[in-house]
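Novice: So the protein sequences, as listed, match chains H and E. When we follow this note's numbering, the leftmost residue of the first sequence carries the number 413, and every step to the right adds one. When we follow this note's numbering, the leftmost residue of the second sequence carries the number -13, and every step to the right adds one.
No lab work stands behind these hints, which were simulated from the structure alone. Predicted model, so just to flag it, every value in this text is computed and none were measured. One or more hints might be untrue.
Some chain H residues close to chain E (C-beta under 8 Å, calculated; not the full set) [claimed, not checked]:
| id | residue |
| --- | --- |
| 1 | Asp461 |
| 2 | Arg462 |
| 3 | Asp464 |
| 4 | Lys480 |
| 5 | Ile533 |
| 6 | Ser593 |
| 7 | Ile608 |
| 8 | Lys609 |
Which bits of chain E does chain H cover? Going by a derived footprint, with three or more residues having C-beta under 8 Å, they are [what the hints assert, rightly or not]:
| id | segment |
| --- | --- |
| 9 | -11 to -3 |
| 10 | 29 to 37 |
| 11 | 41 to 52 |
Here are the simulated SDA-like cross-link-like pairs (lysine to any residue), alpha carbons at most 20 Å apart as the crow flies [as the list claims (entries may be wrong)]:
| id | chain 1 | residue 1 | chain 2 | residue 2 |
| --- | --- | --- | --- | --- |
| 12 | H | Lys507 | E | Lys88 |
| 13 | H | Lys507 | H | Asp495 |
| 14 | H | Lys609 | E | Lys88 |
| 15 | H | Lys507 | E | Leu58 |
| 16 | H | Lys507 | E | Gly59 |
| 17 | H | Lys622 | E | Asp23 |
| 18 | E | Lys88 | E | Leu136 |
| 19 | H | Lys507 | H | Ala491 |
Think of the CB as a built atom: it goes at the ideal place given N, C-alpha and C, for glycine as much as any other residue.
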Amino acid sequence: MMSHAIALQNPDAADLPRAYAGPKQAVQGRRLAATDETDWAALMVAVRDRQDRAAFAMLFRHFAPRVKAFLMKSGTEAALAEDCAQDVLATVWQKAHLFDPARASVGTWVFTIARNRRIDIARRDRRPEPEVLEWGGDVHEPDQADLYEAAQDAARLTAALQSLPEAQRALVARAFYGELSHREIASETGLPLGTIKSRIRLAIDRLRMKMS
Amino acid sequence: MTITHHLSDQLLIAYAAGSLPEAFSLVAATHVSLCDDCRIRIEAYEAIGGAVLETETAEMGEASLEACLARLGQPDTPHRPAPRRGLLPSPLADYVGGDLDKVRWRSLGMGVRQAILPTAKGASARLLYIPAGQGVPDHGHRGLELTLVLQGAFHDARARFGPGDVEIADESDEHTPVAETGDACICLAATDAPLRFISLLPRLLQPIFRI
Chain H
413 MMSHAIALQN
423 PDAADLPRAY
433 AGPKQAVQGR
443 RLAATDETDW
453 AALMVAVRDR
463 QDRAAFAMLF
473 RHFAPRVKAF
483 LMKSGTEAAL
493 AEDCAQDVLA
503 TVWQKAHLFD
513 PARASVGTWV
523 FTIARNRRID
533 IARRDRRPEP
543 EVLEWGGDVH
553 EPDQADLYEA
563 AQDAARLTAA
573 LQSLPEAQRA
583 LVARAFYGEL
593 SHREIASETG
603 LPLGTIKSRI
613 RLAIDRLRMK
623 MS
Chain E
-13 MTITHHLSDQ
-3 LLIAYAAGSL
7 PEAFSLVAAT
17 HVSLCDDCRI
27 RIEAYEAIGG
37 AVLETETAEM
47 GEASLEACLA
57 RLGQPDTPHR
67 PAPRRGLLPS
77 PLADYVGGDL
87 DKVRWRSLGM
97 GVRQAILPTA
107 KGASARLLYI
117 PAGQGVPDHG
127 HRGLELTLVL
137 QGAFHDARAR
147 FGPGDVEIAD
157 ESDEHTPVAE
167 TGDACICLAA
177 TDAPLRFISL
187 LPRLLQPIFR
197 I
């Protein structure tokens, strides 16, 4: 892995979505700027429902550098990672109809697309996907409370990850960069499985409620 | 479907992270197609991936946004997933090329049949057909073995496994699964090492049967 050789910037902390600040119109015009209150899910819904290119541009500015870093951390060299980050964001546009803000944050959804791209790059093990399931409720009329809860989940997990001791945080990151084999994950050495499980419990409860 | 034996958290994390060998991913995807609980847990683990994604950035080239915008076409339109018609969930049906009637079984003797599915090296996947009431030869494991029941049921000294259940066995397990009476037991099994059969099938035949 080449991750040690890569100079990565610290993300602009002010650029992180903190918590959903209640229902609001995120896309007001063509001049958009990200703030720490940026409502990524609302931007994504604007892309999904109205093919809003200004909203897409904001999503691109935030997520493309993160996808590029993710792919570089996974061992992809910079130029290819940049091309693939563009592919991933183009897929975000193309597959926007699959985005369900009550189920996953934009970051989580982008992660799954980036992960699949990473697997394609490796050209080794395919990753079969589960059958598509129709969830309860109408995807196109997300409940504001659901959106709020989903944003809270994402903010909580991001905060929890950052609060872990550095060695543990790095190991969780390596697992999701695909650097740890399933056997290394299974052996749990240093992976804070208990912490992870306790932190995702609320998300699991929420998804269960959503699904039933 | 009442499922009592699920994927472990470690397997769910590895599947969410995309680091499982293909054969194990196939078992995970097939189980998750049948198990809402594991589907939810995987989506929650994917949220950790989302949090990891937020932690680092790498600068994109100046023209990258314009280049990407120029590529955007008409997005895909939503379509309802087709309902499952046969026994095999879609990820497994994709490997078989259809439902059970498309499986190319090979006899292993004693009525036991198997069909090896094409997956990447490192782990192998196969469908197993065990006649009702029939024992599977004693076997221990050198690696990790996942066995997902699709039809019928089997039990060993520890537990009973019915449709949707996954048995997770590793180096420490040596067991004697027996198919229950009723329907023949059909399983999807994946392992990252050749099984060693202790009785019935001479060790010498293993390379021929690829089990």
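Novice: Please go over all the hints and tell whether each is borne out by the structure.
Specialist: Comparing the hints with the structure gives:
Hint status for Asp461/H: violated, given a least beta-carbon distance of 10 Å to chain E, over 8 Å. Proximity of Arg462/H to chain E is violated relative to the hint, the smallest CB-CB distance being about 11 Å (cut-off 8 Å). Evaluation of the Asp464/H hint against chain E yields a violated restraint, the C-beta minimum of about 11 Å exceeding 8 Å. Given the 8 Å rule on beta carbons, the hint for Lys480/H holds: about 4 Å separates it from the nearest Cβ of chain E.
Evaluation of the Ile533/H hint against chain E yields a violated restraint, the C-beta minimum of about 11 Å exceeding 8 Å. Interface restraint check for Ser593/H: the shortest CB-CB distance to chain E comes to about 6 Å, inside 8 Å, so the restraint holds. Nearest Cβ of chain E to the Cβ of Ile608/H: about 6 Å, under the 8 Å cut. The hint holds. Satisfaction of the interface hint for Lys609/H is found here, the shortest Cβ-Cβ separation to chain E being roughly 6 Å, below the 8 Å cut-off.
With 4 residues carrying a beta carbon less than 8 Å from a beta carbon of chain H, the segment -11 to -3 of chain E meets the three-residue requirement, and the given coverage holds. Look at the segment 29 to 37 of chain E against chain H: 9 of its residues bring a Cβ nearer than 8 Å to a Cβ of that chain, three or more, so the hint holds. Only residues whose C-beta sits within less than 8 Å of a C-beta in chain H count toward coverage, and the segment 41 to 52 of chain E has 9 of them, enough to reach three; the restraint holds. With a C-alpha separation of about 31 Å, the suggested pair Lys507/H and Lys88/E falls outside the 20 Å cut-off, and the hint is violated.
Simply put, Lys507/H and Asp495/H have alpha-carbon atoms about 18 Å apart, close enough for the 20 Å limit, and the pair holds. Using a Cα cut-off of 20 Å, the hinted pair Lys609/H and Lys88/E is violated, with the two alpha carbons roughly 40 Å apart. At roughly 11 Å between alpha-carbon atoms, Lys507/H and Leu58/E fall within 20 Å of each other, so this suggested pair holds. In summary, the hint linking Lys507/H to Gly59/E is supported, as the alpha carbons are separated by about 11 Å, within the 20 Å threshold.
Under the criterion of a C-alpha separation no larger than 20 Å, the hint pairing Lys622/H with Asp23/E is consistent with the structure, at around 12 Å. For the hint pairing Lys88/E with Leu136/E, the CA-to-CA distance comes to about 15 Å; that is within 20 Å, so the pair holds. Using a Cα cut-off of 20 Å, the hinted pair Lys507/H and Ala491/H is violated, with the two alpha carbons roughly 24 Å apart.
Violated hints, listed in ascending order, are 1, 2, 3, 5, 12, 14, 19; each of the other numbered hints is respected by the structure.
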